[in-house]
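Chemist: Working from the sequences, and respecting the hints, build out all of it.
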Amino acid sequence: MSGSKSSSYRIEGRQMIAETPELRVQILTLAEGEEVPWHYHNGITDSFVCLDGPMRVETRAPHHDYLLAAGERCEVPARTAHRVSGAGGGACRFVIIQGVGTYDFVPIT
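Numbering (our numbering), first residue to last: 14 to 122.
Note that these hints are calculated values from the structure, not bench results. Note that this is a predicted model, so its numbers are computed, not measured. Where is the CB? At the ideal position from N, CA and C, for every residue including glycine. One or more hints might be untrue.
[As the list claims (entries may be wrong)] Label-pair distances were calculated between CB atoms; the ranges are: (1) Thr115 to Gly46: 29 to 37 Å; (2) His77 to Pro120: 26 to 34 Å; (3) Glu45 to Asp78: 18 to 26 Å; (4) Thr115 to Glu45: 26 to 34 Å.
Modeler: Shown next, in the form of structure tokens:
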């Protein structure tokens, strides 16, 4: 299954902190009403740390709804569909650590 190396959605801000072939660390900022849409990664885990929130990380199969306040974190393993937004449609800012493995972004339509 192929996936994109670049994201096909727009958000308020992205700040790359570190990037190697097997690890990415970014700070993402979502404005009110924005989201990282449903997707999955074939071989990497997403680790989220909320900086400003609250934020919401939703997964499918298994279904889970993480509501994170500043300083809280969660992980989404490879091949688990997920999306990220500010809780209640609000704004949020978070660190995302992606790895260890080759990054891809497989959208779910």
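Chemist: Honestly, which of those hints from before does the structure not fit?
Modeler: 2
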